[in-house]
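Colleague: Numbering-wise (our numbering), the sequence shown opens with residue 2 and increments by one.
Everything labelled a hint here was simulated from the structure, so no lab data went into it.
Be aware that a few hints might be false.
Here are the in silico distance ranges between beta carbons for each label pair [to be verified]:
{"#": "1", "residue 1": "Gly223", "residue 2": "Met101", "range": "24 to 34 Å"}
{"#": "2", "residue 1": "Gln10", "residue 2": "Glu61", "range": "19 to 29 Å"}
{"#": "3", "residue 1": "Asn130", "residue 2": "Val45", "range": "32 to 42 Å"}
{"#": "4", "residue 1": "Pro105", "residue 2": "Gln212", "range": "16 to 26 Å"}
{"#": "5", "residue 1": "Asn208", "residue 2": "Ser6", "range": "38 to 48 Å"}
Predicted model only: the values in this text are computed from it and were never measured.
The C-beta atom is built at its ideal place from N, Cα and C for all residues, glycine as well.
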Amino acid sequence: MQKNSKYIQIAEEIKSAISSGRYIEGQRLPSERKLSAEFGVTRVTVRKAIGQLVSSGLVENRQGSGNYVAVRERKACCLKAAELPANSPPAKGRIIRLEMAVVPDISSLLKIPASAKIFLGCRLQLFHNSPVVMERFFLPVSPVMESGSNLNINDLTAFECLLREYRAKAVHNEQSIEAAAAREDEAEYLGIQADTPLLLERKLSFNQPGQPIEYSKNLYPGGRFRFMISSGRQ
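Kindly generate the complete structure, drawing on both the sequences and the hints.
Modeller: Spelled out as structure tokens, the structure:
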């Protein structure tokens, strides 16, 4: 690859990391020194790549602070799911996975050490026994949870209480919705064909002090779900 195109490749990789959720809106990007070490290039090359992202509006430079993923301007917007008929019975859940693990990329989103354990799970929301949502969620593990004195991941009632407790503390959410294609494992659980179009919703929830308390990724089969959006001026 020509030397003068290296910065373009790096800009594309950072853009891809933003699109995938590795870096979210408002998050500070790694320093030029760290990025130059990660990509094996000079800081000048990294600076050119960042400059291209700044010019495109994807990244913003804050003097004396660093480079941040730009926060897209939003008007007042209300997002509502409209997958179930009015007066329908509540959807039921089916747990697929519950465990504690170290997930450095998610730890970065939750603003906790990369070596810290995360409580992660996956469940299906069912309507008339048909899957309508596949939900993956990631929670910081508290010392009490890690000791096992207040959590049994085989106790689904305790799990539901835990999830409600975390979500009751959320006062602010950052959400995005994008198109995705079903992987084979996702397709099997959702009862669809692999590569079927899906809606992927990413959500990062914050408590009152501004600390992230949950990251979730929800998959909605396109043929079974629709979103209603209303917007206007504040």
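Colleague: Work down the list of hints and note, for each, if the structure agrees.
Modeller: Do the hints match the structure? See the list:
About 33 Å separates the C-beta atoms of Gly223 and Met101, a value consistent with the hinted range of 24 to 34 Å. Taking 19 to 29 Å as the suggested C-beta distance range, the pair Gln10 and Glu61 conforms, at roughly 22 Å. For Asn130 and Val45, the hinted distance range of 32 to 42 Å is not satisfied, since their beta carbons lie about 59 Å from each other. For Pro105 and Gln212, the Cβ-Cβ distance of about 18 Å falls inside the hinted range of 16 to 26 Å, so the restraint holds.
Checked against the hint of 38 to 48 Å, the pair Asn208 and Ser6 passes, with Cβ atoms roughly 44 Å apart.
The structure fails hint 3 only (numbered hints given earlier).
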